[in-house]
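Student: Spelled out, the chains give:
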Amino acid sequence: MFQRKRNASDFGAEIEAHIQLETERLRELGLSDEDARAAAHRAFGNVTHAQEHFYESSRWLWWDQLRQDIRYALRMLRKSPGFTAVAVLTIALGIGATTAIFSVVDATLLHPLPYPQPEQLVRVEDDLPGVGAQDVGMSVPEWQDLQRSGIFQYVSPVGGGSVNLTGSSQPARIFFLAVPPNYFALLGVKPQLGRSFNPEDHTPGFTLEVVISDGLWKGVFGGDPHILGRSVRLDNDLYQIIGVMPAGYHDPGRTTEERNTELWAATGFAGPPAPPPVRKSRFLSPAIARIAPGLTIAQAQSRLDALVASLQKQFPEDYPLQSGWRVRLVPLTETVVGNVRESLILLFGAVGLVLLIGCVNDANLLLARASGRGREMALRQALGAARTRLMSQMLTEGLLLALVGGTVGLAILFCAKASLLQIMPDSLPRLHDISIDWPVLLFALVASLMAGAIFGLAPALHAGRLDLIPMLKQEARGSTGSGEQARTRRALVVTEFALSLVLMIAAGLLLRSFWDLLNVRLGFNPQNVMAVRTWLPVPNDPATDVYRTPAQEAPFIREVLRRSRTLPGVEEVAIGDLAAVPLGHSRGDLNPFPLIFEGRETASSEAPLANASIVSPEYFHLLGTTLLRGRFFGELDDEKAPPVLVINEAFARTYWPNENPVGKRLKIRIPGDRSSFSWNTVVGVVADARTESLEDSTAPQMYLNLYQRGAKDLAIFVRGRLDTAAILVGLREQVQFVNPELPVFGAQTLDDALSTSLSVKRFSMQMIGLFALTALLLAGLGIYGVISYIVSERTHEIGIRLALGAQRRNILRMILRQGLELAIAGAAVGLVCALIVSHLIAGLLYGVRPTDPLTFAGVALLLIGVALLACYIPARRAIRVDPLVALRHE
Amino acid sequence: MLQGTLDLLILRTLIFGPEHGQGIARAIQQTSDEELLVEHGALYPALQRLEERGWISAKWGISTNNRKARFYALTPAGRKQLVKETTKWNRLTAAIGRILESEEG
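Residue numbers (the working numbering), protein chains in the order written: chain D, 1 to 890; chain S, 1001 to 1105.
These are computed hints drawn from the structure, not numbers from a lab.
We put the beta carbon where it would ideally sit given N, CA and C, even for glycine.
There may be inaccurate statements among the hints.
As a list, the in silico EDC-like pairs of lysine to aspartate or glutamate whose alpha-carbon atoms are at most 16 Å apart [what the hints assert, rightly or not]: (1) Lys712(D) / Glu741(D); (2) Lys761(D) / Asp426(D); (3) Lys761(D) / Glu695(D); (4) Lys1068(S) / Glu16(D); (5) Lys1068(S) / Asp10(D); (6) Lys1088(S) / Asp1007(S); (7) Lys1080(S) / Glu1051(S); (8) Lys79(D) / Glu376(D); (9) Lys1059(S) / Asp10(D); (10) Lys761(D) / Asp516(D); (11) Lys1068(S) / Glu24(D); (12) Lys1080(S) / Asp1007(S).
Here are a few chain S residues that face chain D, going by a calculated C-beta distance under 10 Å [claimed, not checked]: (13) Arg1026; (14) Leu1043; (15) Tyr1044; (16) Leu1047.
Construct the complete structure from the given sequences, taking the supplied hints into account.
Tutor: Following this line, the structure appears as structure tokens:
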């Protein structure tokens, strides 16, 4: 298509040759030199016409014109640097911010799973709706049923946990996943070094082979190239390293911890330390699976439903109909992205609005300038320029402005990239994969072009509709906008105000939600409390476990408590499991336990489930828990005493409505743990506290005694005037004095935990707030521009009014009223749109209704206030007009 | 002249071999017994158009009387086009002819 075109001189030469040949022929017929030449020319007709014809048919004409347009546009932009700077910066801001958010959306929402055929990946969730339990995990026989069903290529239950890695200078606690050998084959990923597990391996227990992350390899093993085959000790058991995953490989987990897994160990889940594989023992964690090729998720789900129904018939004792056992397939994308989706879509929408407001603003600026160039346009048209050429000229200016703006925006983004990634919350999935790559650059280009088309269109349409005669008649004054143009500009300002209002109301609602969350009654006192974690090893052979029973663990707990109290600044100490750290754990750290109540007939598989924290008696006082009935754990509730239980209000309300729960007994079943068959007596009821989530305090919760129950994933709580770094070192010394093999890590204050739990909310609130401020600023600039323009247009008229004795106050009021009308019109349109948008984001709000009148009214008033301020500046200029000067202006 | 007829005439003329613009103009004039007078200037945009469509190709060469001239030749695509256009033309003239005869009769 783009073959080289003939140039005009080649065409000219051809014509010249034609005339020559024709002249010669005529001369041969006997004509004189002169006559022959004249006749040849006559026969040819108009040479210039032919040449013009040739030129216009040339495919490069549009290119020539474009070059001309671009040259001209560049000259115009250079001529008014102030205008250009403002317009370019507006767009740069819009494109830069939009592209930044898009790069996050691209990595997180569009490519959440960096594995081959991600659409085949699902999470398998077992629900027992009959007992109000969701995602309870599966048993080994159920897993094997799924593997054999033909519905899946692979099914992998994934169990996460902490493990002590010993052998290096300091015992390290790392996060590991216990997975079946088919795990990496399921994901379709290969290690950078060595091999991964053999998917056909059917070892019942741990295969004693591990794959490690690039981070662990480089961090703990110093990137040792001979790492393969090396033995490492994990909780006292020896494993062999067989592979290293590539840098940047992250697990498709639901939590930050799972995504940052450092080690994978393969197991068949059917040998020690796993309990015997019986159907009713659902100890496997929820699985991920790759569905068989050619099946859609819906098809797989319907085949799975049939399988579940037949299993229920086959094993009626294990699956009573009341429990309503159901297996759900959830696209893995959803569980990875989770609740971030809403926030990101909101952010993207918000930043898109900012860009749109920027475009409207630039459209306004360009229109204002176009009206200044009205005479130029009219003159060019009168001299024969086609309207389409003038329109394409204006459009080119808009596009050029947008492209320059987009480039500047990208440049800013590149410079600010590192610091932008810093402010992103850690809990954002795929945070490590956010980059400015080709799709993102393409997005920026398309966004710029679209922006340019949007704001180039207004003046272009305007240029196409010029009325020549009146334009040319206005001699010295040079400019006035037509009535139509003034209307367009006002409409643009109204649009800007409406869009800004929507954004500001969204920001206002989020701000109020966040504020409410910060001021929620916690039900515990996080001040001056720190939690430091340790982890008791769980060897594969229970016989070698020195902390196997609560009685074996109790001396260790007492000794650590005693020693920790001696540390400087420490006022109180308590120990609990990870689930006891308020807001400091993820959902995966919780273990919902089935409950059996005394005096109530309950089949084992339909027992209600409740979360438990395992704590030492000091825990309640240290956290300032409120006691409503009965008592806390006491000195006498030791490992030899009958097991006791403290429950929260929600628990009491759910299971003993209108009864005194103190003295009631219940059993807590823990799969594979025989001690769980003794009765636990409720000794106290505490007030509900927001230990699981700031938003919700209504979940039934129970507290078990650490001396009677035992726990592996421990947190040591200390209250006092503490120095974070010093207390970690101090506690490590004390714990390792008791057992030098134990890691001590993860020191955090409860205030930090609280703040981390809000990180995504805080991030989106801050971003939206920033965008809303930008929008407000742009809207202010927009209305300022329009009112300034009106004032300069009416300088003459104002001069006459003043000369005739008009009060300056009235003139001021007249100008302000014009601004106010625009602002109110914009606010009215905006309020309607905001009502729609606020309902869309209702899911992100807390404690504030989407129609919160205070936010709506407050934001509208703020916006109108800013509008008045923006109008006041040009209005003041209007009333300072000297009538003499204004009249001489004529 | 009818729209498109000039194209047809040019293609037809080139069936006897490559020819330059002036040659084409003269051939059309002579073959039509001086009936069709082509304005030579109109020939060149038409040649340009045909060349862009790939029906004829062009290169500079030397004419019989030793002058530099741009020679046009029929391409295979042009040959096909000529057959198509000729058939269309024949059908059109026959149809017009029938209409005119019936009017007279």
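Student: None of the hints should be skipped; say for each whether it holds.
Tutor: Going down the list of hints, with the structure as the test:
1. Lys712(D) / Glu741(D): The hint holds at about 14 Å.
2. Lys761(D) / Asp426(D): Judged against 16 Å, a Cα distance of about 12 Å means the pair holds.
3. Lys761(D) / Glu695(D): With Cα atoms ~12 Å apart, Lys761(D) and Glu695(D) stay inside 16 Å; holds.
4. Lys1068(S) / Glu16(D): Holds, because 10 Å separates the two Cα atoms, which is no more than 16 Å.
5. Lys1068(S) / Asp10(D): holds, 12 Å
6. Lys1088(S) / Asp1007(S): Holds: Lys1088(S) and Asp1007(S) sit about 13 Å apart, inside 16 Å.
7. Lys1080(S) / Glu1051(S): holds, 15 Å
8. Lys79(D) / Glu376(D): With a Cα-Cα distance of about 15 Å, the restraint between Lys79(D) and Glu376(D) holds, given a limit of 16 Å.
9. Lys1059(S) / Asp10(D): This hinted pair holds, its Cα atoms lying about 11 Å apart.
10. Lys761(D) / Asp516(D): holds, 12 Å
11. Lys1068(S) / Glu24(D): Measuring from Cα to Cα gives roughly 13 Å; hence the hint holds.
12. Lys1080(S) / Asp1007(S): holds, 13 Å
13. Arg1026: Where the cut-off is 10 Å and the nearest Cβ of chain D is about 7 Å from Arg1026(S), the hint holds.
14. Leu1043: Check passed: Cβ of Leu1043(S) comes within 8 Å of chain D, closer than 10 Å.
15. Tyr1044: Since chain D brings a Cβ to about 5 Å from Tyr1044(S), closer than 10 Å, the hint holds.
16. Leu1047: holds, 9 Å
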